[in-house]
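A.B. asks: Sequence:
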Amino acid sequence: MIIRAQGPFDYALNYEFMAQQDDCLYRTENNNVRKAVSLDGQRVLLEVGEGPENAVEVDILLNEGAAESDIAQYVAEWLDLEYDMAAFYDFARKDKRLAAVVQELYGYRMICTLDMMEALTWSIVGQQINMRFAFILKRRLVEHFNHYIEFEGEKYWLMPEAREILSLDVEAMREMQISYRKAEYLHRCAEGIETGILLKAHLQRMGGYQEVLDHLTSIKGIGPWSANSVLMRTLKFRNAVPIGDAGLRNAIRITDNLEEKPSAGYIRSVTDEWGDNGAYATLYMWRILG
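The numbering used here puts the sequence shown at residues 39 to 328.
If you're looking for bench data, these hints aren't it; they were derived computationally from the structure. Each hint should be verified, as a subset may be incorrect.
Simulated crosslink set (BS3-like; lysine-lysine; CA at most 27 Å straight-line) [said to hold, decoys possible]:
no. : residue 1 : residue 2
1   : Lys258    : Lys134
2   : Lys274    : Lys132
3   : Lys134    : Lys193
4   : Lys299    : Lys132
5   : Lys274    : Lys258
6   : Lys274    : Lys134
7   : Lys258    : Lys238
When you get a sec, could you build the whole thing from the sequences and use the hints?
C.D. replies: Following this line, the structure appears as structure tokens:
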């Protein structure tokens with residue numbers, strides 16, 4: 039099936055980004071991306087490749103009963119194809135920091151994390167460690183539960199459910215090199231999903247950005263950086279900016295020719311100017327780092 043984006047979409051740029059990641063929940067090879075997902079309990083193995091202009095082509099390699107329309111909707115949300123980027127590009131072309139990078143990366147979109155447990159897991163295990171090690175911890179956690187689709191001799195891993203992570207002993211997580219504190223936070227988030235207070239649908243029914251941010255950060259273990267990461271990539275608040283992110287700080291230091299790392303106040307003065315373009319401004323600023 040062919041799924042078209044709302045506005046510009048450059049498959050090659052997005053594939054390049056995904057291929058550079060070590061995410062165990064998808065596999066990149068030969069210009070295609072394969073991903074196993076569970077849609078309302080029905081397991082599906084997708085292969086996404088380059089389609090016509092501003093579109094992707096999706097092959098369904100295995101389907102245990104999910105509706106094709108649900109699969110198409112999943113892919114569109116995952117690759118953020120439904121977002122009309124016209125307003126962002128109008129803004130970015132006039133911005134001294136963003137003008138050059140949006141011209142170079144025209145059609146680059148956000149790869150979203152649709153599963154709330156996966157989003158919270160990444161925001162917690164990734165705290166204060168480098169990305170390479172964070173991907174290792176994520177893989178250990180995912181593979182522990184042994185949920186996968188096997189196809190052509192390869193395993194395509196599925197994210198465990200919140201109830202499973204909640205049942206996982208802290209000592210077992212310590213053996214994976216997940217700290218006691220992060221294990222505690224993971225349990226608290228999994229419990230929040232199980233009780234409903236951190237369910238994606240519950241958060242989507244809440245009010246605006248600030249209300250959801252306050253709700254998330256009221257949970258011990260979810261700080262402003264983690265909360266904004268979820269708001270940006272999962273709940274898709276377009277004004278969400280992960281203040282305190284090291285990559286964003288370094289990108290601003292480069293664009294503004296600063297000798298030292300900018301202060302929190304300096305970063306805030308920059309990001310406040312972005313308004314409803316904050317999430318995509320952040321996404322493109324990260325690419326300045328290579």
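A.B. asks: Each hint: holds or not?
C.D. replies: Hint check results:
no.: 1; hint: Lys258 / Lys134; verdict: violated (38 Å)
no.: 2; hint: Lys274 / Lys132; verdict: holds (24 Å)
no.: 3; hint: Lys134 / Lys193; verdict: violated (45 Å)
no.: 4; hint: Lys299 / Lys132; verdict: holds (25 Å)
no.: 5; hint: Lys274 / Lys258; verdict: holds (22 Å)
no.: 6; hint: Lys274 / Lys134; verdict: holds (25 Å)
no.: 7; hint: Lys258 / Lys238; verdict: holds (18 Å)
Violated hints for the displayed structure, listed by number in ascending order: 1, 3.
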